[in-house]
Amino acid sequence: MRPRWLVTKDVEIHVPDYKKKSARKGFLDKTIGEVASLVKNSVFLEEYANRDGILQSIDPRVKVLSIALLLICVSLLKHPLLIIGLYLVILGLAMLSKIPPKFFLQRVWLFIPIFSGIIAIPALFNVFVPGEPVLILVKFQGKWSIGPIKIPEVISITKQGSMAAFVFVMRVATSVSLVVLLVLTTRWSYLLKALRVFCVPQIFTFIISMTYRYIHLLLRLIEDIHLAKKSRVIRKGSIREGQRWVSTQMGTMMKRSLKMSEDVYSAMVSRGFTNEVRVVDSFKIGRVDYLWSIFFVLFISLVMGLNRIWG
Amino acid sequence: MSMNQKLFEVIDADYSCLGKFPALSGVNLEIRARERISVLGANGSGKSSLLHMLNGLVFPQKGEVRFLGRLLSEDALRSEEFNNLFRRTVGLVFQNSDIQLFSPTVRDEIAFGPIQLGLSKAEMEERVNDLLGMLNIQHLSDRPPYQLSGGEKKKVAIASSLSINPDVLLLDEPTSGLDPKTQSWLVDLLEELHRAGKTIVTATHDLNIVDRISDRTIVLGEDHTIAATGWTSEILDDTPLLLSVNLIHEHLHCHDGIVHVHEHGHFSEHDHMHRNKGIR
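Sequence order for the protein chains is A and B.
According to this note's numbering, numbering within the first sequence proceeds without interruption in unit steps and concludes at 312.
According to this note's numbering, numbering within the second sequence proceeds without interruption in unit steps and concludes at 282.
Everything labelled a hint here was simulated from the structure, so no lab data went into it.
Note that CB positions come from ideal geometry on N, CA and C, so glycine has one too.
Keep in mind that the hints are not guaranteed to be accurate.
To be verified - Straight-line C-alpha distance at most 30 Å; calculated BS3-like pairs for lysine-lysine: (1) A/Lys256 x A/Lys31; (2) A/Lys260 x B/Lys22; (3) A/Lys260 x B/Lys64; (4) B/Lys123 x B/Lys183; (5) A/Lys41 x A/Lys79; (6) B/Lys22 x A/Lys285; (7) A/Lys285 x A/Lys99; (8) A/Lys99 x A/Lys140; (9) A/Lys256 x B/Lys123; (10) A/Lys160 x A/Lys144; (11) A/Lys31 x A/Lys231; (12) A/Lys140 x A/Lys151; (13) A/Lys31 x A/Lys41; (14) A/Lys103 x A/Lys41; (15) A/Lys285 x B/Lys123.
Unchecked claim - The following residues of chain B were derived to be distant from chain A, with all beta-carbon distances above 12 Å: (16) Gly46; (17) Gly65; (18) Arg68; (19) Gly71; (20) Asp77; (21) Arg89; (22) Asp100; (23) Ile139; (24) Ser163; (25) Ile166; (26) Asp181; (27) Trp187; (28) Leu191; (29) Ala229.
Full structure from sequences and hints, please.
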């Protein structure tokens, strides 16, 4: 028997007048939307990995190995010109791999000032790196010290210090560029499989690849739950209510993901999984890879040779 | 597998989820090789639990399940030899494709079973390519499963179970959420697989497909017991039975100026009986 109130509608729908107000998104909308789009865009899009550029056509194992060697090479380079040269080569590679330069530069340089810039700042001053002054900042009368650090009479930015900071920042930028380039031009699943050249245990890459796959599903679930709530909410709730809702949802998601992990495990068992990971990769080394390897070895030898001569 | 060989035997099995929510109670049944069986039941009647039990994923708290005469238990499946034989012989297509598709790409997904069962790389690749071709999903081979549509996911899920080449295929609500064209494609596929000698057990509440995909039907009641087993045609004609397990319902409505009651369920609206003809 259906309740009477459900099947009768005696109130006419009256649309109230409303003034156009600038719609402001609540913190929930913003957070959920931003997190979902960030993860989707940065991890799942694989837009650049699917383009037919130079790095995309190289076997992922060869690529991972090359990038790893270049990373070691960057940390060994002493001469700033060599680092700049290598950085320019990487920029060239990014362009040959059809990655828009602006996008690539933004990806790398947005974080460099925050992470390495702050660390490099002290090196500029003669307090930490003594040397020829370029710019005098403060002059004191007499020497004094704070604990073990002796403060000189003149505090200045030194030539050696600036150079050390510059080399440090460039090294970080070059290394970050290399990794970003690798991640942008390689599909995530291939990248994980390629890690096996470094004897990364299969169970490790297998778990990461599954985590990656289910993050996508859980993100979609969170978005759907949020939309479902939104469609039923009539009045605007307070921030406090929003926070309470988030905390209960976190608990629910935890339970759901646990249940899901049990189900996924049984789906694996059903197809013969016996807690021992077996993965077959279908990578094939082709002519491009041999050519790349030859050029790469020559290039690395040249860079390291110059490093020896100039250093 | 010879015709009429007894594959599964479920004897007086009780199973409850988490030990407190009953899912199956006092279930007795037999499944023979090359049979086509439907497991019918309303939502929550225990169809999925029964298939999971037949797939050795859950085990009855009381009673037992036998596979080819051998007790199917957690202990038995610990034996590598038996586990390999069982997993090679019995495949399950899960109701929720998102659960079943956990690999990074469609190709990896289909290859998962053969690799676990120790097939050679060449054999595995042949199977993957054949299935991609048979299901017409070659273009999806390098896509991650989460990017696919519902119908595509179901096809990949079926391919990933078929790649093991199981003799027994268990399907849990295979047509739910599929569009009519994909549904009829699936029914054709199941008919073809049966002709190829496979045993097919389908859990469903879609009465429209039951007579095409099964010869024998097991009906689960809402009390989680077996309400009836019999030939599919007989079960479908047994309206009181279908009403009692809540698979169809009596519907009071009016058309052509006649108010009447009839059962809603499997037959199209044109064929239905006007039992209370003439009531106005």
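Hint by hint, here is what the structure shows:
1. Simply put, A/Lys256 and A/Lys31 have alpha-carbon atoms about 24 Å apart, close enough for the 30 Å limit, and the pair holds.
2. Restraint check for A/Lys260 and B/Lys22: satisfied, since their Cα atoms lie roughly 16 Å apart, inside the 30 Å limit.
3. Among the hinted pairs, A/Lys260 with B/Lys64 is consistent with the structure: their alpha-carbon atoms are about 24 Å apart, no more than 30 Å.
4. For the given pair, B/Lys123 sits about 34 Å from B/Lys183 by alpha-carbon distance, which is inconsistent with the 30 Å threshold.
5. Simply put, A/Lys41 and A/Lys79 have alpha-carbon atoms about 39 Å apart, too far for the 30 Å limit, and the pair is violated.
6. Using a Cα cut-off of 30 Å, the hinted pair B/Lys22 and A/Lys285 is violated, with the two alpha carbons roughly 53 Å apart.
7. This hinted pair checks out: A/Lys285 and A/Lys99 have alpha carbons roughly 23 Å apart, not beyond 30 Å.
8. At roughly 52 Å between alpha-carbon atoms, A/Lys99 and A/Lys140 are farther apart than 30 Å, so this suggested pair is violated.
9. Between A/Lys256 and B/Lys123 the alpha-carbon distance is near 38 Å, which puts this suggested pair outside the 30 Å criterion.
10. For the suggested pair A/Lys160 and A/Lys144, the alpha carbons sit about 22 Å apart, so the restraint of at most 30 Å is met.
11. Among the hinted pairs, A/Lys31 with A/Lys231 is consistent with the structure: their alpha-carbon atoms are about 13 Å apart, no more than 30 Å.
12. Proximity of A/Lys140 to A/Lys151 is assessed by CA-CA distance (about 14 Å); at most 30 Å being required, the pair is judged to hold.
13. Of the pairs offered as hints, the one joining A/Lys31 and A/Lys41 holds, with about 15 Å between alpha carbons and a cut-off of 30 Å not exceeded.
14. About 20 Å separates the Cα atoms of A/Lys103 and A/Lys41, which keeps this hinted pair within 30 Å; it holds.
15. With a C-alpha separation of about 14 Å, the suggested pairing of A/Lys285 with B/Lys123 holds against the 30 Å cut-off.
16. For B/Gly46, the condition that its CB be more than 12 Å from all CB atoms of chain A holds, with the nearest at approximately 16 Å.
17. Distance to chain A confirms B/Gly65 as a non-interface residue, since its nearest Cβ pair spans about 20 Å, more than 12 Å.
18. Chain A leaves B/Arg68 outside its interface by the beta-carbon criterion, the shortest separation being 19 Å against a cut-off of 12 Å.
19. Against the 12 Å criterion, B/Gly71 stays outside the reach of chain A, whose nearest CB is about 22 Å from its own CB.
20. Non-interface call for B/Asp77 relative to chain A: holds, since the shortest CB-CB distance, roughly 14 Å, exceeds 12 Å.
21. Not every CB of chain A is more than 12 Å from the CB of B/Arg89 (nearest about 4 Å), against its label as outside the interface.
22. For B/Asp100, the shortest C-beta to C-beta distance to chain A comes to about 6 Å, within the 12 Å cut-off, and the non-interface label is violated.
23. Every beta carbon of chain A lies more than 12 Å from that of B/Ile139, the smallest distance being close to 17 Å; the non-interface claim holds.
24. Not every CB of chain A lies more than 12 Å from the CB of B/Ser163, the least distance being 7 Å, so the non-interface label is violated.
25. Not every beta carbon of chain A lies more than 12 Å from that of B/Ile166, the smallest distance being close to 6 Å; the non-interface claim is violated.
26. Its beta-carbon lying about 21 Å from the closest one in chain A, B/Asp181 satisfies the requirement of being farther than 12 Å from that chain.
27. Every CB of chain A lies more than 12 Å from the CB of B/Trp187, the least distance being 23 Å, so the non-interface label holds.
28. With a closest Cβ-Cβ approach of about 19 Å to chain A, B/Leu191 is found to remain outside the 12 Å limit, as its non-interface label requires.
29. Even its closest Cβ contact with chain A, about 27 Å, leaves B/Ala229 beyond 12 Å, as expected for a residue assigned away from the interface.
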